[in-house]
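Colleague: Sequence:
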Amino acid sequence: MPAIHKPPIALSFDELIAVDTWLFAREGIEPPTPEEIENAYKKFIPEADRPKPAGAPGAAPAGPAPGAPVVTGDEPVNEIFIKALCFACHTIPGIQGAVGVVGPKLVEKTNAPNRLKDPNYKGNATTVREYIMESIITPSKYVVPGFPDNIMPKDFGKKLNAAAINKVINYLSQLEEGKAPPKIE
Numbered sequence: 001m002p003a004i005h006k007p008p009i010a011l012s013f014d015e016l017i018a019v020d021t022w023l024f025a026r027e028g029i030e031p032p033t034p035e036e037i038e039n040a041y042k043k044f045i046p047e048a049d050r051p052k053p054a055g056a057p058g059a060a061p062a063g064p065a066p067g068a069p070v071v072t073g074d075e076p077v078n079e080i081f082i083k084a085l086c087f088a089c090h091t092i093p094g095i096q097g098a099v100g101v102v103g104p105k106l107v108e109k110t111n112a113p114n115r116l117k118d119p120n121y122k123g124n125a126t127t128v129r130e131y132i133m134e135s136i137i138t139p140s141k142y143v144v145p146g147f148p149d150n151i152m153p154k155d156f157g158k159k160l161n162a163a164a165i166n167k168v169i170n171y172l173s174q175l176e177e178g179k180a181p182p183k184i185e
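Under the working numbering, the sequence shown has 36 at position 36, and the numbering climbs by one with no breaks.
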């Protein structure tokens, strides 16, 4: 198996944590905290070989070639969530395997209106759809209490094209706590 923290795969610590969290959750096992997972990697990966934070000198470029979207929007929304790795960090009702715990549960018809009213909200959105868009493109505008900032990648505006983002927004804006999720299209 190739070293996944080195090129050509070159996963960052955040990406390694997301994948590990998903693997634990997929098996129905409570995952360790992100800090515990990172410390485990640091224990076994020599410092010189550790992934560098994005943008740091010597950091490997993450993901596909710059400018190349990971998804095109032609895929069904469940495939978009899988290809973009949303499932690894978030619980997303109706998306098989999306039982992550690193990020908040995405029931945005329920959550977004409350978050828009939160005094800690720093964004410009006024609707659920705008809030979801803002959360994808600039996730630090509002960090859900109890979850760390800077875990969600800030390059989804490049990895997902407009059609893909629109499908994600359409799906998430219909998710309401306690209600059946919408049909996958």
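There could be a bad hint or two in this list.
Unchecked claim - Under the rule of at most 27 Å between Cα atoms (straight-line distance), these lysine-lysine pairs were calculated in the BS3-like manner:
no., residue 1, residue 2
1, K43, K141
2, K179, K42
3, K117, K83
4, K83, K154
5, K117, K154
6, K122, K109
7, K141, K154
8, K117, K42
9, K42, K109
10, K43, K117
11, K105, K83
12, K158, K179
13, K141, K159
14, K159, K183
15, K43, K105
16, K179, K83
17, K83, K109
18, K158, K141
19, K83, K183
20, K105, K158
21, K43, K158
22, K105, K117
23, K179, K109
24, K117, K141
25, K105, K159
26, K122, K154
27, K109, K141
28, K42, K122
Unchecked claim - Pair by pair, the computed Cβ-Cβ distance ranges are:
no., residue 1, residue 2, range
29, T126, I45, 15 to 25 Å
30, L23, E176, 20 to 30 Å
31, G73, K43, 33 to 43 Å
32, E177, P32, 33 to 43 Å
33, G178, E130, 17 to 27 Å
34, F44, K117, 20 to 30 Å
35, G157, R50, 26 to 36 Å
36, E47, N170, 26 to 36 Å
37, E177, G123, 33 to 43 Å
38, D49, K117, 44 to 54 Å
39, K109, K43, 36 to 46 Å
40, V19, S140, 34 to 44 Å
Note that these hints are calculated values from the structure, not bench results. Small disclaimer: the values here were computed from a predicted structure and weren't measured. Think of the CB as a built atom: it goes at the ideal place given N, C-alpha and C, for glycine as much as any other residue.
Colleague: For every hint, state whether the structure bears it out.
Modeller: Going down the list of hints, with the structure as the test:
1. Between K43 and K141 the CA atoms are separated by roughly 33 Å; this puts the pair beyond 27 Å, and the hint is violated.
2. A hinted pair counts as satisfied when its Cα atoms are at most 27 Å apart, and K179 with K42 does not qualify at roughly 41 Å.
3. Among the hinted pairs, K117 with K83 is inconsistent with the structure: their alpha-carbon atoms are about 32 Å apart, more than 27 Å.
4. Between K83 and K154 the CA atoms are separated by roughly 16 Å; this keeps the pair inside 27 Å, and the hint holds.
5. For the given pair, K117 sits about 23 Å from K154 by alpha-carbon distance, which is consistent with the 27 Å threshold.
6. Distance restraint check for K122 and K109: the Cα-Cα separation of roughly 19 Å lies within the 27 Å cut-off, and the hinted pair is therefore satisfied.
7. As the CA atoms of K141 and K154 are separated by approximately 11 Å, the hinted pair is consistent with the 27 Å bound.
8. The hinted pair formed by K117 and K42 fails the criterion: a straight-line CA distance of about 39 Å is larger than 27 Å.
9. Simply put, K42 and K109 have alpha-carbon atoms about 39 Å apart, too far for the 27 Å limit, and the pair is violated.
10. For a cut-off of 27 Å, the pair hint linking K43 to K117 is broken: about 42 Å separates their Cα positions.
11. For the hint pairing K105 with K83, the CA-to-CA distance comes to about 18 Å; that is within 27 Å, so the pair holds.
12. For the suggested pair K158 and K179, the alpha carbons sit about 32 Å apart, so the restraint of at most 27 Å is broken.
13. At roughly 19 Å between alpha-carbon atoms, K141 and K159 fall within 27 Å of each other, so this suggested pair holds.
14. Only pairs whose Cα atoms come within 27 Å are accepted, and K159 paired with K183 is accepted, the gap being roughly 24 Å.
15. With a C-alpha separation of about 30 Å, the suggested pair K43 and K105 falls outside the 27 Å cut-off, and the hint is violated.
16. Simply put, K179 and K83 have alpha-carbon atoms about 25 Å apart, close enough for the 27 Å limit, and the pair holds.
17. Among the hinted pairs, K83 with K109 is consistent with the structure: their alpha-carbon atoms are about 23 Å apart, no more than 27 Å.
18. The hinted pair formed by K158 and K141 meets the criterion: a straight-line CA distance of about 18 Å does not exceed 27 Å.
19. Using a Cα cut-off of 27 Å, the hinted pair K83 and K183 holds, with the two alpha carbons roughly 19 Å apart.
20. Taking the CA atoms of K105 and K158, the gap is near 23 Å; set against the 27 Å cutoff, the hint holds.
21. Taken as a hint, the K43 and K158 pair is broken in the structure, with Cα atoms around 33 Å apart against an allowance of 27 Å.
22. With a C-alpha separation of about 18 Å, the suggested pairing of K105 with K117 holds against the 27 Å cut-off.
23. The suggested pairing of K179 with K109 holds, with an alpha-carbon distance near 10 Å, which does not exceed 27 Å.
24. Distance hint between K117 and K141 is fulfilled; the C-alpha atoms sit about 13 Å from each other, no more than 27 Å.
25. For a cut-off of 27 Å, the pair hint linking K105 to K159 stands: about 21 Å separates their Cα positions.
26. For the proposed pair K122 and K154, the alpha carbon gap of about 16 Å is at most 27 Å, so the pair holds.
27. At most 27 Å may separate the alpha-carbon atoms for a hinted pair to count; K109 and K141 meet this at roughly 18 Å.
28. At most 27 Å may separate the alpha-carbon atoms for a hinted pair to count; K42 and K122 exceed this at roughly 34 Å.
29. The hint said 15 to 25 Å for the Cβ distance between T126 and I45, and at roughly 44 Å that hint is violated.
30. Taking 20 to 30 Å as the suggested C-beta distance range, the pair L23 and E176 conforms, at roughly 29 Å.
31. Distance hint for G73 and K43: a CB-CB separation of about 41 Å, consistent with the stated range 33 to 43 Å.
32. As the Cβ distance of E177 to P32 is approximately 27 Å, the hint placing it in 33 to 43 Å is violated.
33. Here the CB-CB span from G178 to E130 is close to 24 Å, well matched to the stated 17 to 27 Å.
34. Against the hinted window of 20 to 30 Å, the Cβ-Cβ separation of F44 and K117 comes to about 45 Å, which falls outside the hint.
35. With their beta carbons about 27 Å apart, G157 and R50 fall inside the hinted range of 26 to 36 Å.
36. The hinted window of 26 to 36 Å between E47 and N170 is violated, with their beta carbons roughly 44 Å apart.
37. For E177 paired with G123, a C-beta distance near 22 Å fails the hint of 33 to 43 Å.
38. Roughly 46 Å separates the CB atoms of D49 and K117, a value that falls within the hinted 44 to 54 Å.
39. In this structure, K109 and K43 meet the distance hint of 36 to 46 Å, their C-beta atoms being roughly 42 Å apart.
40. Checked against the given bound of 34 to 44 Å, the beta carbons of V19 and S140, roughly 22 Å apart, lie outside it.
Hints 1, 2, 3, 8, 9, 10, 12, 15, 21, 28, 29, 32, 34, 36, 37, 40 from the list above are not met by this structure, while the remaining hints are.
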